[in-house]
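Participant: As a plain string of letters, each chain reads:
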Amino acid sequence: MVKVKRLVLDVLKPHQPNGLDFACTLAEKCLDCHFKFSVLEVDEQTETIILVVEGEDIRFDIISETINAMGATVHSIDEIEVIGSHATPES
Amino acid sequence: MSIVNQFLLLVRITRSQHIARRYFVVNGFDGALTMLGLLMGFYVSDSVSLPVIISVCLGAAIALGMSGMTSAYISEAAEKKLELRSLEEAMIADLRESAHGQAARLMPFLIAMINGLAPFAIALIIIFPLALAHWQPQLIAKPLETATFVAFLIIFLLGVFLGRITDSFWLWSGLRTLIVALITTLLIYSFSSI
Numbered sequence: 001m002v003k004v005k006r007l008v009l010d011v012l013k014p015h016q017p018n019g020l021d022f023a024c025t026l027a028e029k030c031l032d033c034h035f036k037f038s039v040l041e042v043d044e045q046t047e048t049i050i051l052v053v054e055g056e057d058i059r060f061d062i063i064s065e066t067i068n069a070m071g072a073t074v075h076s077i078d079e080i081e082v083i084g085s086h087a088t089p090e091s
Numbered sequence: 001m002s003i004v005n006q007f008l009l010l011v012r013i014t015r016s017q018h019i020a021r022r023y024f025v026v027n028g029f030d031g032a033l034t035m036l037g038l039l040m041g042f043y044v045s046d047s048v049s050l051p052v053i054i055s056v057c058l059g060a061a062i063a064l065g066m067s068g069m070t071s072a073y074i075s076e077a078a079e080k081k082l083e084l085r086s087l088e089e090a091m092i093a094d095l096r097e098s099a100h101g102q103a104a105r106l107m108p109f110l111i112a113m114i115n116g117l118a119p120f121a122i123a124l125i126i127i128f129p130l131a132l133a134h135w136q137p138q139l140i141a142k143p144l145e146t147a148t149f150v151a152f153l154i155i156f157l158l159g160v161f162l163g164r165i166t167d168s169f170w171l172w173s174g175l176r177t178l179i180v181a182l183i184t185t186l187l188i189y190s191f192s193s194i
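Going line by line, the protein sequences match chains A and B. Note that our numbering has the first sequence beginning at 1, numbered continuously upward. Note that our numbering has the second sequence beginning at 1, numbered continuously upward.
Hints were generated in silico from the structure; no laboratory data involved. No residue lacks a Cβ here, since even glycine has one placed at the ideal position from N, Cα and C. It cannot be assumed that every hint is accurate.
[Stated by the list, open to error] Partial pick of chain B residues on the chain A-facing surface, computed with a CB cut under 7 Å:
{"#": "1", "residue": "Ala93"}
{"#": "2", "residue": "Leu95"}
{"#": "3", "residue": "Ser98"}
{"#": "4", "residue": "Ala99"}
{"#": "5", "residue": "His100"}
{"#": "6", "residue": "Leu175"}
[What the hints assert, rightly or not] A few chain B residues that face chain A, going by a derived Cβ cut-off under 8 Å, partial list only:
{"#": "7", "residue": "Val11"}
{"#": "8", "residue": "Arg85"}
{"#": "9", "residue": "Ser86"}
In isolation and in its complexed conformation, chain A is listed as follows (with noise of 0.2 Å):
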C-alpha cells in the first residue's frame, strides 16, 4: 500500500476566501493534514500560493475538491513523498 506523505501544490486562488479562510477550510476537511500557506505572487484579482501539506496518509482528491470549491485551482504538484509498505487496509 503506498501512502502519500508530503505534497507541495502550487495554487491559483481568489483574493477571496483569504489566505486564514483557505487554510482552515482545508484544515476542516483534512483533519490529520498540516498545511503551511505562502503566497508567492500577487495580482489584481488573483494570487499564486505555495501549499505545503505533510500527514500520515494524504487524500489528495478530497484536497483537490475542497481547492476547486473555493473557486481556486491546482495548477501544478512540485514536489511529492510517498512511502510504500506490506500492510493491507484494515476492511
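Guided by the hints, dock chain B onto chain A, whose structure is given.
Facilitator: Chain B in isolation, oriented as in the chain A frame:
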C-alpha cells in the same frame, strides 16, 4: 463544514456584510423618513381618522418593502454576475459550482431581504402606537404624536448606529440624522401652510 460556516464563508468572500449593513441603514432611514412625512402630513391636515392613517402608513410600508426587495435583488444579482464573470476570466475557470458561484446566487437574495425588510420593519414599529391606539384607545392618548416621537427616536438611533460603525461620536452622529428629520418636518409644515 457546517451550513453556518459555509454561509459565513460566502458572506465573507463577497463582503456582503458591508453591503447589507449599508442597505439596512439607507433603506431603514428611507422607511423612517417616509413614515415621518406621512405622519406630519396627517398631523397638519388635522381631520383624518385613525383607521385611514393606519391603512395609508401600512400601504406605504408594504410598498417600501417590496420596492427595496425587488430593486436590491435586480441590481445585486447583476453586480454579482458581473463580478463572477470577471473573476472567471482572471482564473480562466468555470466558477459556477464554486463558493463564488454559490455566493453570486445566494447573496443577492439575502441583501434583497435586508433591503426590503429594513424599511418595512421600521415602518411597522412607527405604526405600532397608531394600531395600539386603534385597538385600545385608553392606552395612548395622542397616537399621532406618539408615532411621530417613535419615528424621531428611530431616526436618531439609526444615526447612533452609523456613528458606531464609523467610530465617530455617537451623540453627534445621532443628532445629525435628527436634524435631517427636523428639516423634513419643517419643510412639510411650510409646504402645507402655502
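Participant: All hints are to be evaluated individually against the structure, with a verdict given for each.
Facilitator: We went through each hint and held it up to the structure:
no.	hint	result
1	Ala93	6 Å, holds
2	Leu95	5 Å, holds
3	Ser98	4 Å, holds
4	Ala99	5 Å, holds
5	His100	4 Å, holds
6	Leu175	37 Å, violated
7	Val11	11 Å, violated
8	Arg85	12 Å, violated
9	Ser86	7 Å, holds
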